[in-house]
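I would like the entire structure built from these sequences, with the hints used as guidance.
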Amino acid sequence: MISTLQKTVKPLWAVRGLHKSAMEVLKHPAPEETVTSSFGKFISEIKPHHLSPKVLHRSKRMVLDSIGVGLIGSTTEVFELALQHCQHMYAPDDICSVYGRKDTKLSPTLAAFVNGVATHSMDFDDTWHPATHPSGAVLPAVLALSDMTPFNHKPNGLDFLLAFNVGIEIQGRLMRFSNEAHNIPKRFHPPSVVGTMGSAAACARFLSLDASQCSHALAIAASLSGAPMANAATQSKPLHIANASRLGLEAALLASRGLEASPLILDAVAGVSGFSAFYEDYVPQLLESPSDDGHVFLLEEQDMGFKRFPAHLGMHWVADAAASLHKLLVGVGTGTVSPANIKDIQLRVPKSKYINRPFPESEHEARHSFQFNACSALLDGEVTVQSFTPAAISRPELLALLSRVRLEHPDDNPANFNSMYGEVQVTLVGGDVLKARCDTFYGHWRNPLTNESLTKKFRNNAGVVLPSEKVELLIDVVEELDRIGDCGVLLLQLQ
Amino acid sequence: MDFDDTWHPATHPSGAVLPAVLALAETLPSRPSGLDLLLAFNIGIEVQGRLMRFSTEAYNIPERFHPPSVVGVMGSAAASAKLLGLSPTQCTHALAIAASSAGAPLANAATQTKPLHIGNAACRGLEAAQLAQIGLEGNPAILDCGFGVYYKDYSPSKFVDSSSSGFKWILEDQNVAVKSIPAHLGMHWVVDAALAARRKLEKTAANFDLCQIRHITLRVPPSKYINCPLPDTEHQARHSFQFNACSALLDNKVTVDSFSEAQLKRPALRELLSKVTLETPEDNHPSFDKMYCDIEIETHQGVVTAKCDTFYGHWRKPLSHKDLVDKFSVNASSVLSTEGVEGVIDVIDNIEKVGECSILNAYLTMTSTPHQQLYRKRNI
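Top line first, the protein sequences correspond to chains V and G.
Counting from 1, one number per residue, gives the positions in the first sequence under the UniProt record's numbering.
Counting from 1, one number per residue, gives the positions in the second sequence under the UniProt record's numbering.
In short, the hints are calculated from the structure, not lab data.
Some clues are possibly wrong.
[Claimed, not checked] Computed, partial: chain G to chain V, Cβ under 10 Å: (1) P62; (2) R64; (3) A110; (4) K114; (5) C145; (6) S223; (7) K224; (8) T233; (9) H285.
[As the list claims (entries may be wrong)] These stretches of chain V come out as covered by chain G in the derived footprint (C-beta under 8 Å, 3 or more residues): (10) 80-89; (11) 261-270.
Note that CB positions come from ideal geometry on N, CA and C, so glycine has one too.
What follows is the structure, encoded as structure tokens:
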């Protein structure tokens with residue numbers, strides 16, 4: 001088992017300054033270009049200087065938020081369970097950091113696993129369009145690889161960020177191969193499909209694998225992808241992100257040792273499914289290699305959504321709408337909202353079975369319930385981390401409101417994070433009807449969190465497990481990440 | 001090496017289950033008996049069979065997901081849960097957790113990664129059971145809805161209570177196929193037919209020479225991932241109707257040694273391969289229960305044909321006990337000492353009476369000396 005990494009020899013042309021195209025002709029006769037090989041080529045050829053300022057900025061925000069949710073996630077029951085499991089498995093090289101746990105180390109793949117669990121444990125992590133949670137599948141793996149690298153050979157912050165961005169980019173590219181991917185998922189949980197691939201890509205980039213090895217890393221990862229939606233809204237959901245991270249890392253490590261898989265995994269081959277197995281419609285496209293003019297990362301054009309409270313993204317629309325109704329109701333009366341005044345609550349939301357739960361019984365179900373989040377926001381004016389404790393979930397006032405909720409699925413409200421809306425209509429006992437609609441919640445990519453809001457979220461999260469000096473140091477380190485000479489500085493602050 | 005057992009509906013059941021129960025048996029403080037091990041193993045097989053019967057798609061040669069990666073992990077979780085003595089609820093959660101590790105695309109069959117499908121199935125199923133044991137929960141209705149994502153049609157039904165008279169193990173009525181050749185099951189029909197045709201050629205022509213062959217037509221069921229006219233790797237060769245037919249014709253046998261790189265690259269073989277065409281008649285159904293292979297060889301003197309409906313080793317024509325044990329001995333002797341080989345045969349034969357199944361693990365570690373292995377080592 002690898003306990004330290006030898007950074008593979010940098011490609012010749014970078015060292016000697018030879019003309020790139022000449023080197024390529026020498027190295028490889030032009031292979032027949034397949035979708036799969038184009039991806040392998042992209043991953044191995046992309047360079048730090050291809051990261052534009054906008055992409056640098058956005059991805060650093062993602063890194064900060066992801067670490068923060070991971071830190072607070074380390075206080076959850078499911079994290080504790082996963083950690084116990086991994087420690088029981090006694091992997092020999094425990095050299096990698098675990099979020100929020102001083103003096104606890106695990107082997108690289110298990111560290112990626114538990115940190116992934118932490119990241120998604122509260123459904124607090126970032127969401128993209130098409131729908132997936134991109135950072136949680138990638139960051140834990142890249143952090144683990146960084147820990148594996150020998151002390152004085154750690155990559156600089158920019159290389160770290162590049163690997164991270166490759167992991168995000170590949171996920172975005174893959175989702176664009178299917179129309180099905182653009183809507184709220186029904187069959188496979190997207191992080192388990194594209195997340196594993198993103199992790200493999202990021203790790204392959206980090207390890208400087210050649211184009212062929214990068215392709216094989218993706219192909220090996222495909223055999224480790226795919227978890228059904230049925231386990232979303234259960235305690236097992238965080239393991240989807242966790243396994244994506246861990247298995248993508250394993251795929252890249254296996255590829256670095258020479259394991260080979262299908263060279264056509266991303267291509268559409270009639271009669272033999274590759275990555276297409278996970279979609280009902282699948283039309284892959286070549287990924288262009290970065291040229292001298294650069295490469296436009298998807299993150300440049302499609303920003304990330306960050307959650308303000310730990311629940312499924314769909315909840316944020318109804319929560320924002322309900323919160324504005326709370327303001328109205330409170331303004332009118334005693335300062336609190338009383339269920340006795342409310343006759344009826346109507347929610348107009350997109351149709352999606354796994355987030356339609358009239359009476360959630362666990363915190364996991366509550367995080368996936370239009371009804372619960374609307375009523376919480378109506379009662380309290382906001383939904384926070386504390387809204388999902390057992391005490392909060394079983395409040396009589398809340399249950400009273402829940403029993404008065406009806407759901408409607410208007411035809412013009414598609415199950416799609418880019419086009420959906422949330423409307424809350426409250427009928428008071430007196431007969432008055434109050435209505436509020438949210439088209440774009442604060443934190444959505446169309447209305448991004450300000451840096452101040454994002455940092456505040458981070459402080460609240462990280463502050464639960466880290467002392468404030470470390471919290472502030474982390475904020476600074478991530479802000480400066482592209483200029484840092486040794487990404488080990490980042491790793492030191494995580495525990 | 002694609003040498004492991006195959007069932008109907010199609011999967012490789014044992015490889016996903018046995019490694020997990022063997023590993024667990026070694027670690028459990030409760031020291032399970034041989035019968036405990038055998039029971040857990042059978043549960044792992046039974047669950048796989050039950051799950052496949054929920055879908056008509058499962059009855060045919062796969063196109064989308066590689067079956068061991070779908071049902072294998074579930075079988076492993078079930079077997080591990082049994083051996084760990086989990087409660088009914090924990091067993092349910094073990095299955096739910098395992099479902100999130102299921103599903104590898106077929107495209108990686110015929111590559112070096114294919115064996116990892118079975119490896120991961122065994123490993124992740126075991127892990128699922130361990131997680132369930134420490135309290136992790138998944139969707140308790142996983143088989144009612146979620147598991148269906150791996151199939152185009154999916155219609156689950158309840159498991160009949162094992163204590164009632166209605167319960168019967170699937171293995172009772174549907175045996176497994178054991179391979180004589182380390183290649184995809186479909187190859188076995190082709191080899192049988194090719195060997196039969198070769199015998200006919202030797203009889204009809206006094207000095208039969210393979211270069212007299214003008215053309216070879218293979219009539220096989222349609223299945224893209226085992227249709228490989230010119231395999232480049234051993235993995236492709238194991239998944240090539242054409243290669244296996246030509247190997248059989250050339251060497252009058254197909255064995256473990258037939259798939260080495262040297263064998264693949266033989267000019268005589270490549271030449272024979274260039275004379276092969278595949279046909280997929282409509283009545284040749286892509287199902288291991290219904291398919292056949294027809295071979296037609298055109299020489300200067302005329303045409304010779306042969307057909308194989310059921311190869312020796314198929315569940316309709318199982319290997320004799322002697323031949324099964326012989327296959328085991330040849331395989332095991334490549335790494336185990338004689339004592340180890342015979343010990344394993346003996347323990348398994350009497351496993352229901354074995355007090356502590358860890359004795360099996362002990363025999364499995366009796367490797368022969370490096371000196372002896374040198375003469376037996378095969379290029380894997």
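Tested hints:
| no. | hint | verdict |
| --- | --- | --- |
| 1 | P62 | holds (9 Å) |
| 2 | R64 | holds (4 Å) |
| 3 | A110 | holds (8 Å) |
| 4 | K114 | holds (8 Å) |
| 5 | C145 | holds (5 Å) |
| 6 | S223 | holds (7 Å) |
| 7 | K224 | holds (3 Å) |
| 8 | T233 | holds (8 Å) |
| 9 | H285 | violated (15 Å) |
| 10 | 80-89 | holds (count 5) |
| 11 | 261-270 | holds (count 6) |
Of the hints listed earlier, the one the structure fails to meet is number 9.
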